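Chemist: The primary structure of each chain is shown beneath.
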Amino acid sequence: MTLIEGHKPITPADGIPVWDVDPYDEAILANPDAYYAKLRELGPVVYIPRYSILAVGQYASAHKLFTNHENFISSRGVGLNDFALEEPWRPPSIILEVDPPDHTRTRRIMAKALSPKVVKSLADMFRAEAEIIVDDLLRESSFEAVTGLAERFPVTVFPKAVGMRDVHHRHLVDYGSCVFNAMGPDNALRRQALERNAIIGPWIMAACARDRLTDDGLGAMIYAEADAGTITEAEAAMLVRSFLSAGVDTTVTGIGNALWCLANNPAEWDRLRADITLARPAIEETLRFTSPVHTFGRTAARDTEIAGYPVEEGSKIICVLGAANSDPEKWGDPGTFRIDRRPLGHMAFGAGIHGCVGQNIARGEIEAILSVMAERVARIEPAGDAVWRPNNAIHALDQLPLKFIPN
Amino acid sequence: MVKVTYIAHDGTETTLDGAEGDSVMATAISAGLDGIVGECGGSMMCATCHCYVDDAWSDRTGPRKDGEDDMLDCAADDVKDTSRLSCQIKLTAELDGLVVHLPSSQL
Ligand code: HEM
Ligand code: FES
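Those sequence lines, one after another, are chains L and R. Residue numbers for the first sequence follow my numbering, beginning at 1 and rising by one. Residue numbers for the second sequence follow my numbering, beginning at 408 and rising by one.
Everything labelled a hint here was simulated from the structure, so no lab data went into it. Computed from a predicted structure; not experimentally measured. Please note that a few of the clues may not be correct.
Here are the computed lysine-lysine pairs in the DSSO-like style, where the Cα-Cα straight-line distance is at most 27 Å [unchecked claim]: (1) R:K497 to L:K64; (2) R:K472 to R:K487; (3) R:K497 to L:K117; (4) L:K117 to L:K160.
Partial selection, computed: residues in chain R whose CB lies under 10 Å from chain L [said to hold, decoys possible]: (5) S437; (6) G448; (7) G474.
Non-contacting residues of chain R with respect to chain L, defined by C-beta distances greater than 10 Å in every case (computed) [said to hold, decoys possible]: (8) M408; (9) I414; (10) T419; (11) T422; (12) A426; (13) D484; (14) T499; (15) H508.
Built from N, CA and C at the ideal position, the CB exists for glycine as well.
Taking the hints into account, I'd like the entire structure generated from these sequences.
Modeler: Encoded structure:
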């Protein structure tokens, strides 16, 4: 059998609409709204011949796909490669790319280390760092917000939270972006990511070793599980690696996207300043509105169905979170950014058993930034054009020139 | 349809029709019921969907799921033997008439 993108080619069932689109075209990745709309309009599930994959974009079918982990599994990879048929590009994650019962064991350990209680204990540190950065930026006439704020904050606080002794800002941000690009097809973005990873990957693995971590951070909590015998020391290193793959570039993107939303919707910024209890809902709305992780996939574990259409075993199905989060059937007026929408059930953190285990810390980081800004920044003004950076799984800004007008 | 009655901390009772397969949390959220927040959408990451299963029903709702104890530990209100994360209770025909009590706060 000749594989396509490392998975089995499929014949779509009768009635599944066929759309010859490249979802990983850089122009679409940079500006995906029209692609999301057409994907939803075509139906609950669509066949994309170029990669021989199925794609779901309607909220209802996307949510069903992600909450049915028995038929739609993660252990064969959440990108386009089928790990059952082709060697994965890196040793698979032992939380993201596994199914129950393996998943249940590691998930529990990670969920404990990233629980609401633990994140509460980090809040003061997050706030103190946010104050320093925001005060610095208030002194600038204008600044580049991707590097100056969206990246600077997580690379300052996250390694502290994890307890890393080695910190390399660029590697930390780029590792996530490589991992996410690797989930796409064999395009230029993926090839560059794999090349970059040859340099960054070994640095990351070395930084996850027990002796490179302090004994009071999240990393130490994971290694304590190895001492308790619930996981091996090698597994502990792999879970710490998951912090670094999934925990930096994602929050960088969340913060950048929040700034973009608030700079472009000054009336919403005014509302937030007037009522700081809107910070949490504003975060949820930012995540819904911009879907920092735009696409993740699954593999059909057996012959099954989506919305009544037969789906054959081994099919790769991409779940287009960005399309689900902008589905008018679900949200009414998805194109409007309203910080008090309270979009419960949005899919920016996924859904079901793999739903983001780092969501509490992500919210905690973004909340620290927004709260400090709400106290000190009267207006957020664009100081040039925002530019999006194409990535096979992440919808992030490349440039965001801004100006903070002090109170 | 599966009927679920939610009894708020102040005693107010609300009975909702849920669909089989939906969770006690999702049923409350879809109806806009106060008293269950469900911030994480049911991924067992937030403990803002805490409820106390009525004594008459705790056998039928079954034991806590793997990892549920750890997350309940983060609940805002007291955790009792009958405490559950309502996102982990899936409605079945057997649960028709289920009664759950809500805590004084979720955040
Ligand atoms: C705004 C920031 C973030 C976004 C948008 C985000 C998004 C997501 C999504 C969509 C998934 C589901 C993947 C799937 O179902 O296949 C996920 C899972 C995951 N996330 Fe996040 N994430 C964010 C922040 C974080 C942080 C800060 C961490 C670590 C501290 C983290 C660690 C993880 C891990 C380990 C998983 C795998 C969970 C599992 O498979 O059980 N994420 N994330
Ligand atoms: S909804 Fe978050 S734990 Fe139940």
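Chemist: Give a verdict on every hint.
Modeler: Hint by hint, here is what the structure shows:
1. With a CA separation close to 15 Å, the supplied pair K497 (chain R) and K64 (chain L) stays within the 27 Å bound.
2. For the hint linking K472 (chain R) to K487 (chain R), the alpha-carbon distance of about 16 Å falls within 27 Å, and the restraint holds.
3. For the proposed pair K497 (chain R) and K117 (chain L), the alpha carbon gap of about 26 Å is at most 27 Å, so the pair holds.
4. Taken as a hint, the K117 (chain L) and K160 (chain L) pair is honoured in the structure, with Cα atoms around 17 Å apart against an allowance of 27 Å.
5. Evaluation of the S437 (chain R) hint against chain L yields a held restraint, the C-beta minimum of about 9 Å falling below 10 Å.
6. Proximity of G448 (chain R) to chain L holds as hinted, the smallest CB-CB distance being about 5 Å (cut-off 10 Å).
7. The beta carbon of G474 (chain R) comes within 4 Å of a beta carbon in chain L, closer than 10 Å, and the hint placing it at the interface holds.
8. The claim that M408 (chain R) lies off the interface holds: its Cβ sits roughly 19 Å from the closest Cβ of chain L, which is beyond the 10 Å cut-off.
9. Chain L leaves I414 (chain R) outside its interface by the beta-carbon criterion, the shortest separation being 22 Å against a cut-off of 10 Å.
10. With a cut of 10 Å on Cβ distances, T419 (chain R) stays outside the contact zone with chain L, its closest approach being about 21 Å.
11. Here T422 (chain R) stays apart from chain L, with its beta-carbon at least about 21 Å from theirs, past the 10 Å limit.
12. The Cβ of A426 (chain R) sits about 13 Å from the closest Cβ of chain L, beyond the 10 Å cut-off, so the non-interface label holds.
13. Annotated as non-interface, D484 (chain R) keeps its C-beta farther than 10 Å from every C-beta of chain L; the closest such distance is 14 Å.
14. Every CB of chain L is more than 10 Å from the CB of T499 (chain R) (nearest about 16 Å), matching its label as outside the interface.
15. Every CB of chain L lies more than 10 Å from the CB of H508 (chain R), the least distance being 22 Å, so the non-interface label holds.
Hint compliance for this structure: every hint is met.
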